[in-house]
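Keeping the supplied structure of chain A fixed, place chains B and C upon it in accordance with the hints.
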Amino acid sequence: MIQPSQHLSAAQFAPLLHTFRRQSPLVHCMTNDVVQNFTANVLLALNASPAMVIDADEAAQFSGFADALLINVGTLTRERQRAMQAAVSAAREAGTPWTLDPVAVGALTLRSDFCQQLLSQQPAVIRGNASEILALAQQASGGRGVDTLHPAVAALDAARQLAKEWNTRVIVTGEVDYATDGQRTFAIRGGSPMLTRVVGTGCALSAVVAGFSALPGDGLLNIAAACQVMATAGEKAAGQATGPGSFATAFLDALWTLEGDHETH
Amino acid sequence: MIQPSQHLSAAQFAPLLHTFRRQSPLVHCMTNDVVQNFTANVLLALNASPAMVIDADEAAQFSGFADALLINVGTLTRERQRAMQAAVSAAREAGTPWTLDPVAVGALTLRSDFCQQLLSQQPAVIRGNASEILALAQQASGGRGVDTLHPAVAALDAARQLAKEWNTRVIVTGEVDYATDGQRTFAIRGGSPMLTRVVGTGCALSAVVAGFSALPGDGLLNIAAACQVMATAGEKAAGQATGPGSFATAFLDALWTLEGDHETH
Amino acid sequence: MIQPSQHLSAAQFAPLLHTFRRQSPLVHCMTNDVVQNFTANVLLALNASPAMVIDADEAAQFSGFADALLINVGTLTRERQRAMQAAVSAAREAGTPWTLDPVAVGALTLRSDFCQQLLSQQPAVIRGNASEILALAQQASGGRGVDTLHPAVAALDAARQLAKEWNTRVIVTGEVDYATDGQRTFAIRGGSPMLTRVVGTGCALSAVVAGFSALPGDGLLNIAAACQVMATAGEKAAGQATGPGSFATAFLDALWTLEGDHETH
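Chains as they are written, first to last, in my numbering: chain A, 3 to 267; chain B, 3 to 267; chain C, 3 to 267.
Heads up, some of the hints might be wrong.
[To be verified] Chain A stretches covered by chain B per the calculated footprint, using a threshold of three residues with CB under 8 Å from any CB of chain B:
1. 13-21
2. 28-36
3. 176-190
4. 226-235
[Claimed, not checked] Below, a sample of chain A positions facing chain C; criterion: calculated Cβ distance under 8 Å:
5. 43
6. 47
7. 52
Worth flagging that the hints you see were computed from the coordinates, not collected in a lab. Glycine included, each C-beta is placed from N, C-alpha and C at the ideal position.
The shape of chain A in the complex, shown without the other chains (with noise of 0.2 Å):
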């Protein structure tokens, strides 16, 4: 039977933040060129070390040392593809944890199909919008993008469904973002419409997610608490912003000051 969603307490989020900063975990990022740069200074601000290592045997060598792979597909190519594919066979032999950003999925035929060949793969996470979890589910063609034109919730099922056909754990983000195993969720709250209005903030996420799932404990509070760490930094820099601009430099700086203990709702 299908828990409620559970919100996540000052007191769980707190520590796992605390021990994130303290094991700096290398995080090996095949992103998109878009969010490169703001992806890897999204990490440092967590104390955390980003890597982006993209020709094909060199990924695959660097999967070994990494403490997690994420994979997002927002541009992908024939050859960044052999590239992801290297990597993610070595880490799956090397046991590091790999999350799967399916960035516009659904939509265009090439990240698609894919996506549906990673499914199999053994993700540690996926982490999406509604309309990415909606097509990779294939319940849904995706949006018309990087947008979503579904609230999480909508996706909240798929996401159940996901999780428990392929063994994984799903992240639906939105207004409100959902961590589900199939069995137990967490809805996490907080955020600012103005994360939308900064490119690649969903991207970041993932990544800080990948980060995440190499700690140690509840796989499941973990990467809640990744998304609660960025809700939160987004609050607070939403109100100190007057715009995108001072908004994301507002958001990496509550990244790096952030004590988790006193913001959470």
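Chains B and C alone, transformed into the frame defined by chain A:
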């Protein structure tokens, strides 16, 4: 007979910005590696929807959904040239307007040949600096890269000739920007020298121009309004900045808050 | 006999910064995907002219116009390796000085082999962290990527050896930076730990070093001044920042406003 340049009145500029934000055009940006992030953030700050899709097959698919396409040859490779060509062909078939930013044309062979080929493929708009427009009109070789060695007005005749010859619209940018269809010409003032100290402001303008080219109405007026939006935001940001870092932040905030109705000249 | 490290005096540093800004060197940056935007903005903030040209034929053409070339292997692929090799060959033929940033050399095979090959092609400068310089001198395998596991001083002997063996100049960066030609050594202090929390500060330093290597005069002093410019701006920015977001903004502003004559140590 060529008419003298006209200025944009506030009454012309404000409602177009309003329409742009409300329509939120989906702009497919095939642009250079250096400026993708900033370009996306500029479009988002104006409430448009940027998307960067670069595989040849996916790019052709995507040009069918998008409201506008941008081709910027700043970091051209042979593979990207094939993908850009596929996207332009698909855009023409779908009736999607496409804009050409011929970065550093004239100075380098691959891009110069490609840009000359593209001229016959009905771009809705061409946006370049004086050196680039002169090179494209084959009246001079280009500058030493992205710099321009000429004021915009030096290329105004070349711009008019290019617009007439290829039945398109041409924007030459510099201290003053000019937008012409070969008959009518708008002169756009404002801006700030600080715009030349942040990478990608010209490239981002081309993306905004691409988005405005998808609006209904007077096509030349629409793209002149795009220039005025960027110039006005630049002027506003310069008043708040202590260097190029704070300028870039203030520029994105200014795009977000710009009213348009009391800031034109 | 090896001389002890010297410090840069204000009298040495200020006029070199002035010359750099006046000459505005055109720096051809073949660098990694993650840092292209920040690298360009750092150069622009110092009044230099960045250009990123990546196709093999165009890169070779461009190395003829440029004042300096930077090769950074952070996101190396086989295709980029070919383009970088073409650019280095053309730079050598044209007498354009070129700088090597051997990101993560030692840890990954493709880049390690390529960097070893490049050593014999007369780089004007090599700039790396301690792990990278040790790996390049084949005294140790590299760190786990872009991180360094050693303080800069631990690689100072390796740097001197490398400089003498290949008749070049080597910069090892860390809490203190060292610039050596194998005989003389400058030690550069200042900077901020916050520089490690913004992606690309080291890569951007390499681009600035490449630009300073094009100045006339004492080649070792020139590149030491480049390090001092970045360290001084970093120190200034840290005093104004509340996190890595505001630090990055303040850093670009500090580069823009730096006088050099009263800020050295």
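Hint by hint, where does the structure go against what was stated? Just the numbers, ascending.
1, 3 and 4
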